[in-house]
Amino acid sequence: MAETTGRDRLAGMFAAAHAEGRAVLLPYLTAGIPTFDDSVRLFRAMADAGADGFEVGIPYADPLMDGPVIMRAGELALEAGVTVDRALELVKQVVAATSKPTLVMTYVNPVLRRGIDTFFRQVRDADASGVIIADLPADEAGPFLAAAESSGLGLALFVAPTTDDGRLATVLEKKPAFVYAIAEVGVTGERDEASSNTEHLARRIRSRSDLPIVFGVGISTAHHARSAARHGDGVIVGTAIVRRVLEAASVDEAAAALASFVEELAAALRSPLPPD
Amino acid sequence: MRRERPDDRGRFGAYGGAFAPETLMPALIDLERAFVDAWEDPGFRGDLAGLLADYVGRPTPVYHAQRLSAQLGLDLWLKREDLAHTGAHKINNTIAQGLLTKRMGKRRVIAETGAGQHGVATATACALLDLECVVYMGVKDIERQALNVYRMELLGAEVIPVTSGAGTLKEAVSAALRGWVSSVESTHYIIGSVVGPHPYPWMVREFQKVIGEELQEQLHETPDVIVAPVGGGSNAMGIFFPYVGDSDVLLVGVEAGGFGIETGRHGASLGEGSPGVLHGAMTYMLQDDFGQVLEAHSISAGLDYPGVGPEHAYFKDEGLVRYVSVTDEEALSAFHRLAVTEGIIPALESAHGLAWIIREAADLAEATVVLNLSGRGDKDVQQVAALDG
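Chains A and B are the protein sequences, given in the same order.
FYI, in our numbering the residues of the first sequence are 1 to 276.
FYI, in our numbering the residues of the second sequence are 1 to 389.
If you're looking for bench data, these hints aren't it; they were derived computationally from the structure.
Quantities reported herein were computed from a predicted structural model and do not represent experimental measurements.
Treat the hints with care, since some could be wrong.
Below, simulated SDA-like cross-link-like pairs (lysine to any residue); rule was C-alpha separation at most 20 Å, straight line [stated by the list, open to error]:
{"no.": "1", "chain 1": "B", "residue 1": "Lys-209", "chain 2": "B", "residue 2": "Ile-261"}
{"no.": "2", "chain 1": "B", "residue 1": "Lys-140", "chain 2": "A", "residue 2": "Glu-75"}
{"no.": "3", "chain 1": "B", "residue 1": "Lys-316", "chain 2": "B", "residue 2": "Met-1"}
{"no.": "4", "chain 1": "B", "residue 1": "Lys-316", "chain 2": "B", "residue 2": "Ile-261"}
{"no.": "5", "chain 1": "B", "residue 1": "Lys-140", "chain 2": "B", "residue 2": "Ala-386"}
{"no.": "6", "chain 1": "B", "residue 1": "Lys-316", "chain 2": "B", "residue 2": "Pro-242"}
{"no.": "7", "chain 1": "B", "residue 1": "Lys-106", "chain 2": "B", "residue 2": "Ala-38"}
{"no.": "8", "chain 1": "B", "residue 1": "Lys-209", "chain 2": "B", "residue 2": "Ala-127"}
{"no.": "9", "chain 1": "B", "residue 1": "Lys-102", "chain 2": "B", "residue 2": "Leu-128"}
{"no.": "10", "chain 1": "B", "residue 1": "Lys-102", "chain 2": "B", "residue 2": "Val-36"}
{"no.": "11", "chain 1": "A", "residue 1": "Lys-174", "chain 2": "A", "residue 2": "Ser-196"}
{"no.": "12", "chain 1": "A", "residue 1": "Lys-174", "chain 2": "B", "residue 2": "Asp-8"}
{"no.": "13", "chain 1": "B", "residue 1": "Lys-102", "chain 2": "B", "residue 2": "Arg-9"}
{"no.": "14", "chain 1": "A", "residue 1": "Lys-92", "chain 2": "B", "residue 2": "Phe-290"}
{"no.": "15", "chain 1": "B", "residue 1": "Lys-102", "chain 2": "B", "residue 2": "Lys-140"}
{"no.": "16", "chain 1": "B", "residue 1": "Lys-140", "chain 2": "A", "residue 2": "Arg-72"}
{"no.": "17", "chain 1": "B", "residue 1": "Lys-106", "chain 2": "A", "residue 2": "Val-185"}
{"no.": "18", "chain 1": "B", "residue 1": "Lys-140", "chain 2": "B", "residue 2": "Gln-383"}
{"no.": "19", "chain 1": "B", "residue 1": "Lys-106", "chain 2": "A", "residue 2": "Thr-162"}
{"no.": "20", "chain 1": "B", "residue 1": "Lys-140", "chain 2": "A", "residue 2": "Pro-68"}
{"no.": "21", "chain 1": "B", "residue 1": "Lys-102", "chain 2": "B", "residue 2": "Asp-130"}
{"no.": "22", "chain 1": "B", "residue 1": "Lys-106", "chain 2": "A", "residue 2": "Lys-174"}
{"no.": "23", "chain 1": "B", "residue 1": "Lys-209", "chain 2": "B", "residue 2": "Tyr-55"}
{"no.": "24", "chain 1": "B", "residue 1": "Lys-102", "chain 2": "B", "residue 2": "Asp-47"}
{"no.": "25", "chain 1": "B", "residue 1": "Lys-102", "chain 2": "B", "residue 2": "Arg-33"}
{"no.": "26", "chain 1": "A", "residue 1": "Lys-174", "chain 2": "B", "residue 2": "Lys-209"}
{"no.": "27", "chain 1": "A", "residue 1": "Lys-92", "chain 2": "A", "residue 2": "Glu-3"}
{"no.": "28", "chain 1": "B", "residue 1": "Lys-102", "chain 2": "B", "residue 2": "Tyr-55"}
{"no.": "29", "chain 1": "A", "residue 1": "Lys-174", "chain 2": "B", "residue 2": "Arg-9"}
{"no.": "30", "chain 1": "B", "residue 1": "Lys-209", "chain 2": "B", "residue 2": "Gly-245"}
If we strip away everything but chain B, and leave its shape as in the complex, we get (with noise of 0.2 Å):
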């Protein structure tokens, strides 16, 4: 069964919780009861719709992709996340958690961001509300995502770089974790994804959900498969949320399979993680026999990530969505595919979602597919172009 809300302990089954610092808890607190008072407000309802129109570009279409129908033997939908201002999904969360900022009378923001594109999206909130900001993002994906850094800087953004462990998005959570543990008397944290101890995995669902209630009013009939990518897992969150529990539609979240599942460096928590505290929240994870988290790997920066939302764990156990992988060079394949195609650039994550559709193309002939195009490909562009040498 889907649930509206977590339960009191801000558990979704056995999924969840908040497993934080004590210096922090009062805050999570505080944060619960504003998002509660904040998401009942018609006002504050009227000026996060007013911002997601006009602003960020919603509602983002949903568009035929006729010529891959063609090809593949069925019938795709791309949901257009990608044309949402900056680029991607992320900024549906962070234009609201921006806008809750101000209302609990907080002048400052933090975020962790992976591929940049959260980074990017807060700083840009901040921008348009008036909020000072600061990135923490791995070194490694300074690397692999320099134009976004410089975006971030562009937009009044401070990038402060994390060089601990692998250097990735982990390390760019647990760095924001820290840097709130600190300010957070002050400071809100704007985590990216439906992760982190309660309540950020049900508010920013709430937050991404629209992407879905969307779907739900664009497409004229149900379809049969979504698919969206699972890296912390919002932007699939809120494409399959509004369907979660209508057992006409199979919803298929697709995990970073990395250089192969049996290699072991991967990204997929759900497939091959098992269930641990990570970011604060009891969700799957990454981790050895002795409970400490392991690596990701992906060659999306955004799927490199040793966790999932706790919510997700809960969909797999309950048998609500299903989980899959896909691997680095299968995406890559799709990347390549949606461009020469469609037209269409898409981000490495998004590929990971197209690249499964494209796989198992044979068993969905004649389907309604729905992908999540959760973001556009620009970020990905230098790296794709190394590795195509």
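So here's chain A without its partners, still in its complex pose (with noise of 0.2 Å):
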């Protein structure tokens, strides 16, 4: 019997939660913050809150597409020398700790530094299920899809409210794991308003494609979360978490924060909206 591959494991994610008639909620936190081993904790007090699996990111210095809390976790995560191996050591310990389908968050040039193939390997070997790569538009996507595949890994595609229906066309044709619908036109950050982009991306997707589409950028809060799952099948949310992580006290604040929080998320994303 074949073994089971990390695609496979997303696959199965967002086949039980539509089983269960919901969307996938995906909480985001930088490697190693506060600390390396805090962050293990955190992210196993998540999963006991309701998380679906997580997006854990590789600290980076220069992130295009973060915001500034997001990058403020970022030079903290990297002052603290949670490099890529470390990184990687702690995704290996998050999906022991707590069995959930893990996507790595990373920018391109540490993938190229590493070598493709040898950077997805890796991230197999960390027992990770899938990559996102912030700064990879479809069009220069070929040779990470194919590496993606060998190490039987998901990589996430990005659609982004400005994409137009060629774009669109070729994002979908590229078979990704799954699509990022990108929520709001700029970088990740809280915002006050749920976004009025998800229900249009998703009809445009929707009308080309199975693929599951997860939203994420600028979902802040569970009447966001749940506006957004009312189209998509699943939902990340970055900065509200590491937020409440960096504006903590201490470490048992922040997991009995994240916990409460990503309850909420949660229980939103179990009582949805009806269709309009």
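Both chains are sitting in their own frames, so use the hints and assemble them into the complex.
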């Protein structure tokens, strides 16, 4: 019997949630925040509170898609010595501690520096299920998709509110593990209002493909999550998580804050708004 | 071989491309389309040529630096980009991109700046063309280029301090790209060098190559050597490009050696870096074993950058241009030398080019050497005064 691949695990995660009639909840946290050991504990708290999987950020010195909160977290992690290798060690510990499908989020240069195939193999060896590369557009994705395929990992590709129909077709025909649908024009960070782009984006994607749609960027509250989940198969919540960790006075306080916030998000996804 | 334009993926050989968040990709594709359309339009070319002549003051002179030539034992010519309006070559690009912004129907412009020259040139173009202008500048550069900050404000631009990292050009470019991700539907990003995702390196080269084309007209002989400083590399690209592939001309790009290459504190991306992706393009860059971008160092804010335009990376690998470096100290000494010998205070960036010529003068004996005097040094006077105590 073939071993389960990362891409299979992601598909299984989407299928299980789909059977329950809900979207998946994928919290994001930068690796090694607030410290290496404490961040494992925070992922465990989020798993217990109802997260379906995780996005673990490899800290990067020049994150073009990130707003000030995730930038700050990356700087702190780099100062604390969280290298790519340490981040992957952490991923392995998170998966061991939570058994949740876990995505590694990075920028393209650390992948290229290591070699695309080596990087994906190491991500697989860290028991992760997939990879998200914030500055990798579909146009340049060929060798990354090939490496994902041969390592059994799922690679996400992006669609933004600015993506036109021609580009959308290009993204979808590459058959990524899921479509990361960017909910807001802008970098990561909290927003006051729920995205007004999700319904239209989802309709455009669904009319052309059955790929799972995961919304990210700007999803900051349970209300936002519920609103996006109505149109997608998953939501990623990043800055709102990272900010709570950075603001906490202690790791106990951070764990408690994440537990209650993730519970709130998970509950919101289990009681979706009725479709329009 | 020199390529008139990058390939379909925006590459010069292995370098270039567009590694940008998807949110920006449609704008980059629109920009390429708008640029190609404008560049083929005699109306646009005519408007630009008119402004370059009457407003910028082109062609800039080529001056025979006779006293310094005699001292060095060679024939030194200066391409006087320092005499262009706002005091540097940067204005060639900002006027052109400003016209393009209007043509695309956008009303707002953002830009990054290191030394402040590109910020001033962008603010100038925006004032002229009635565009809203926001300039991102690192806090360290704001401190060492205070005069240029005030100039931008006088011209009606808003200067946004960038506090992340070392507070220099790298962070300013990153902040501008982030700002563009959030405003892409209404705003054009006027990048200041031959860097960034496709089509910027190609487009900015096309807007700067006027420097070399003028030189071909002005100098009645083919020079033996053309020297230009290289940070991002737009002035060097501008003067080199028309000569690239001409085996009679040695093209020399001078990078920032900072405190000395051996100290590890420099801006020599081509000399000491390795291929990677910085600010949306594959190019040579300063990075660690994990692919984290390293901080550059240079006395010159305009050369204090850990990357370089991708077409320079291609020229390096193809052996079409020779890339070298000089230290802060050598550049500072050349800065003084040009001032007292020729009555010209050069930008510290341009002083790097001259420093290499001074160092290599014995090997260049009798040669006809052109230095791209990319900018004037007024902006650096305060910093040099402080250094000289």
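Going back to the hint list, which numbers does this structure go against? 1, 8, 11, 13, 15, 22 and 26
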